[in-house]
Amino acid sequence: MSYRDLIVGIIFLSQTVVGIVGNFSLLYHYLFLYHTECRVRSTHLILRHLTIANSLVIVSKGVPHTVASFGLKHFFNEFGCKLLFCVQRVGRGMSIGSTCLLTVFQTIMISPMNSCLKEFKVKAPKYIGFSISLCWIQFMFVNLVFPLLYVFSNRSMKNFTKKGDLGYCLAVDHETVTVSIYAVLIVFPEASLCGLTIGASSSMVFLLHRHKQRVQHIHSTNVAPRSSAESRATQSILVLVSTFVSFYFLSSVFHVCVALLCNSSWWLVNTAAMISVCFPTVCPFLLMGRNSVISRLCFAWITNITFPNLIRNM
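With the first letter of the sequence shown counted as 1, position 294 gets the number 294 in UniProt numbering; the numbers rise by one all the way through.
Read the hints as simulated data drawn from the structure, not as lab findings. If a hint is listed, it holds; no wrong ones were tucked in.
Estimated spans, in silico, between C-beta atoms of each pair: (1) V63 - K118: 41 to 51 Å; (2) N114 - E78: 57 to 67 Å; (3) N114 - M140: 32 to 42 Å; (4) H35 - S133: 15 to 25 Å; (5) F130 - W267: 42 to 52 Å; (6) N77 - R41: 39 to 49 Å; (7) I7 - P112: 48 to 58 Å.
The structure displayed is predicted, hence computed values, not measured ones. Cβ atoms here follow ideal geometry from the backbone N, Cα and C, with glycine treated the same way.
Produce the complete structure using the sequences and hints provided.
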């Protein structure tokens, strides 16, 4: 194992540990609120599924790349490769869908009563569960076909010439029509959801700015206005969406390069994998940023896992 593989393996391992601890801490928090029926909001259901989707991406992307970086590139058999790729694609799709649903829902809820969205204010919370279930079914159905046909283990790829490196497994390019089908069934829906997310985020920025202008004359110049819980939640979602769009754009660019190049470089494959795990790793900490109690508990947990001996000696 080379020095660069060791460095990359440590980075993947750190991303995986921090991401899993953060997402599981946040998921436990929302499940605790749900079972105690304390301060349960409509967005909590979306955030629970977003956390589950992020965890799937981290486990299916971070763990195999960590194992491969530490020298076990032939660790997964053909079934393992197909399963990991399928889980990773479903998790990525659900992460995009949940973020889009969260943004659209928050835009509807903060819209004024005289807007065209006033009729959806009451109906929107009732359709959250159905929308999430529909997203799971769609992404599981679409992403089940391609791993079964075009993803193989490193040990069973001797008879194929056109191969794409996934880091821990290899993908086969059988024919050009596959690219078109892949673009229609996977790329186009994901890009559409991202476009809808950006549009809804822009609407939230406009609504917040207009709301601030309307209430500005109420507050005196000496007293700082206190933001409402709705405004704070909206600002938190805007930060989340900005981070999501940035990482998704970079991840898409790198994955397109990996897909187009049959013999992708070592740096390109690993950089694409690192960027794709960044948002699922950072996402729970952005959501926990407004809750200092969860943040402190999560930080203590991560520190205890990463540096147990150091804590005992303090």
